[in-house]
Structures are given as C-alpha cells and as structure tokens.
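A.B. asks: Sequence:
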Amino acid sequence: MPGPGDGEPSGEEDAGSGAPGGSAREETYDPAAPAPLGVERAATGHAGVDAHLERLADADHLPADGHLEVYEDVHRGLRDTLTALDARPDESHDHRS
1 MPGPGDGEPS GEEDAGSGAP GGSAREETYD PAAPAPLGVE RAATGHAGVD
51 AHLERLADAD HLPADGHLEV YEDVHRGLRD TLTALDARPD ESHDHRS
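In this text, residue positions in the sequence shown follow our numbering: the first is 1, and each later residue adds one.
Please keep in mind that the hints were generated in silico from the structure rather than gathered at the bench. It is possible that part of the hints are untrue.
Stated by the list, open to error - Simulated DEER-style distance windows between Cβ atoms: (1) Ala43 with Asp86: 16 to 24 Å; (2) Ala87 with Gly38: 32 to 40 Å; (3) Pro31 with Tyr71: 30 to 38 Å.
Just so it is clear, CB atoms sit at the ideal spot from N, CA and C, and this is done for glycine as well.
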C-alpha cells in the first residue's frame, strides 16, 4: 500500500494552481438581474398594515443586498402600526352607550 515518502503521488501535489477545480483560469460570478418573485400580497383590511406590506414590492427590483433596507423599513413600520393598536385609547372618549 503506497504511503507518504515512498515515491507514490498522494494526489495533493497534483492539485494544480491551488484554484478550485485545479484550473488556473479565474472564473467570474455573474448573478441574475433582480426580478419580481410574483408573490401575491393580500389586503389585510387595515390601511396602515397594507401600506407597509405593499412596500415589500420595492425589493422586487433591487439586488439582494438592497433587500435588507426594505425589510427593516417594513418591519419597523409594521411594529409601529401594531404597537399603536395596543396603545390605550384616548381617555376623552366616552365608552358608555
């Protein structure tokens, strides 16, 4: 059985230039252009929430590294809108019928 130091190549010396696949040619990565995913957004019936969800469409035309800004903006807006729903109602309103 061949082993280290016995003159048999181990395969490691023959790995080429060190580039993946043993190729000295540098390969370039060309990602696809941004395209809409075609995800339907159903209306919730709450104008504030619907407006924030509609903002997600802005990410359809951005490269992936631009999605984070849109997602964070939508998350912040949804959180603020939903937090406002939990806020105490105006105390001047008379709840008696």
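A.B. asks: Hint by hint, note whether the structure agrees.
C.D. replies: Cross-check of the supplied hints:
1. Ala43 with Asp86: 16 to 24 Å: For aspartate 86 against alanine 43, whose Cβ atoms are near 22 Å apart, the range 16 to 24 Å holds.
2. Ala87 with Gly38: 32 to 40 Å: Given a distance of about 36 Å, which is inside 32 to 40 Å, the answer is holds.
3. Pro31 with Tyr71: 30 to 38 Å: 19 Å, violated
Comparing the model with each numbered hint stated earlier shows that hint 3 is the single one that does not hold.
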